[in-house]
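There are 2 protein chains.
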Amino acid sequence: MARMMYDLAGADPALRFSPFCWRTRLALAHKGLEVETIPWRFTETETIAFSGQGLVPVLVEDGTVVSDSWAIACWLEERYPDRPSLFGAAAGQAVTRFVNSWADSVLHPWIARMVVRDILDVIKPEHRPYFRESREKRFGTTLEAWVAEREALLPEFRKALQPVRLTLRGQPWLAGATPGYADYIVFGAFQWARCVSPFRLLEADDPVHGWRGRMLDLFDGLAGRAPGHEV
Amino acid sequence: MARMMYDLAGADPALRFSPFCWRTRLALAHKGLEVETIPWRFTETETIAFSGQGLVPVLVEDGTVVSDSWAIACWLEERYPDRPSLFGAAAGQAVTRFVNSWADSVLHPWIARMVVRDILDVIKPEHRPYFRESREKRFGTTLEAWVAEREALLPEFRKALQPVRLTLRGQPWLAGATPGYADYIVFGAFQWARCVSPFRLLEADDPVHGWRGRMLDLFDGLAGRAPGHEV
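Protein chains in written order, with the UniProt record's numbering: chain A, 1 to 231; chain B, 1 to 231.
Please keep in mind that the hints were generated in silico from the structure rather than gathered at the bench.
Because identical chains cannot be distinguished in the list, a pair is counted as satisfied if it fits within a single copy or across any two copies.
Here are the simulated EDC-like cross-link-like pairs (lysine to aspartate or glutamate), alpha carbons at most 16 Å apart as the crow flies:
{"id": "1", "residue 1": "124", "residue 2": "12"}
{"id": "2", "residue 1": "31", "residue 2": "220"}
{"id": "3", "residue 1": "124", "residue 2": "44"}
{"id": "4", "residue 1": "159", "residue 2": "203"}
{"id": "5", "residue 1": "159", "residue 2": "205"}
{"id": "6", "residue 1": "159", "residue 2": "206"}
{"id": "7", "residue 1": "31", "residue 2": "82"}
Computed from a predicted model, the values in this text were never measured in an experiment.
Start from the sequences, fold in the hints, and give me the full structure.
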């Protein structure tokens with residue numbers, strides 16, 4: 001059986017430099033599948049016109065044509081279920097740790113930049129000195145200065161949510177067809193903001209806003225009924 | 001059976017605003033588990049000293065004490081395998097899409113910022129005008145200008161890799177104990193750079209560098225034997 005993949009090549013046909021094609025080559029190797037890679041160059045759209053689009057990788061197997069590296073990975077997983085899984089059950093937990101790491105190192109610092117000053121107002125007066133001192137040490141400036149630019153920073157903050165937005169383009173929840181821990185990780189950050197601040201983080205037409213609304217409704221409104229701001 | 005969770009509260013004890021505690025509360029709801037939440041305030045470290053650390057959430061169940069939201073999620077998944085999975089097999093694939101979205105929207109633009117000019121040198125002369133024009137339109141400037149600050153931007157680029165680095169602190173591969181598609185997604189970006197540019201992206205003592213080296217060795221050196229730079 002012929003299995004072929006159109007693979008972006010440099011002037012040197014041995015140089016294959018597309019990150020998307022590498023995803024597919026490694027996915028094929030993971031599945032233990034042989035493949036003939038065909039060097040393809042920018043602008044050679046006619047060569048792959050049969051795939052109905054103009055980008056590589058394109059995989060051709062037994063008359064089936066699949067393009068787009070993500071679609072190819074999903075197709076391979078379904079076509080070869082008995083071979084090593086690309087997204088196995090153990091991987092579900094492990095990959096969720098990536099979401100956890102992203103939330104801790106990117107999303108939380110961003111949300112703090114937006115609302116951390118407002119936390120002072122909701123905690124007991126006797127805890128305010130601790131909170132102010134520990135956070136000001138962490139941020140290297142006053143809480144007030146840290147959030148002063150939040151309006152101006154909103155576009156950049158919203159751009160940082162692009163991984164969430166892109167994921168929700170393809171599925172209703174971060175964990176797929178139903179909510180899972182990946183959703184709870186990311187939602188926790190938004191609930192944090194909602195609990196302490198009236199500051200509006202998301203625009204109403206943002207898919208992240210719609211997802212957040214569905215999260216607030218989960219489990220009979222567990223999070224939505226909790227004290228917090230309407231944002 | 002008593003199940004208790006120490007939960008960060010505001011001056012109003014009903015206000016529970018910790019993103020980490022929300023992760024845990026939703027994970028408990030997902031598993032259909034009742035919990036008594038105990039309001040806890042900043043600086044009350046003695047109250048939870050029994051957990052051996054000073055942060056919430058802390059979950060106490062049948063004499064077992066678990067702290068750290070990630071550890072709690074993993075513990076719940078193992079303790080209640082017959083209840084809805086927090087990281088199920090379907091979620092593995094779905095959550096990997098988050099990694100895909102992160103790579104497409106964050107990692108690739110960063111790597112392009114570092115090496116996109118070098119691509120010109122490895123493609124055929126007749127494709128260079130297409131490549132230059134299409135990319136310069138996308139970036140809104142010349143390829144040369146786009147990469148001019150790459151040395152100065154290296155610290156910020158390396159900081160953007162923090163989700164990968166944090167994940168690798170807890171497991172050898174992004175997909176867990178063995179490599180999976182999540183690894184291939186992220187590695188594809190580094191292989192792209194390695195194929196086209198001698199520019200050194202990673203420091204030798206960075207865990208991401210070590211992981212990248214192990215990726216190069218996979219499948220009998222499939223990626224490592226491919227033409228590219230020693231970086």
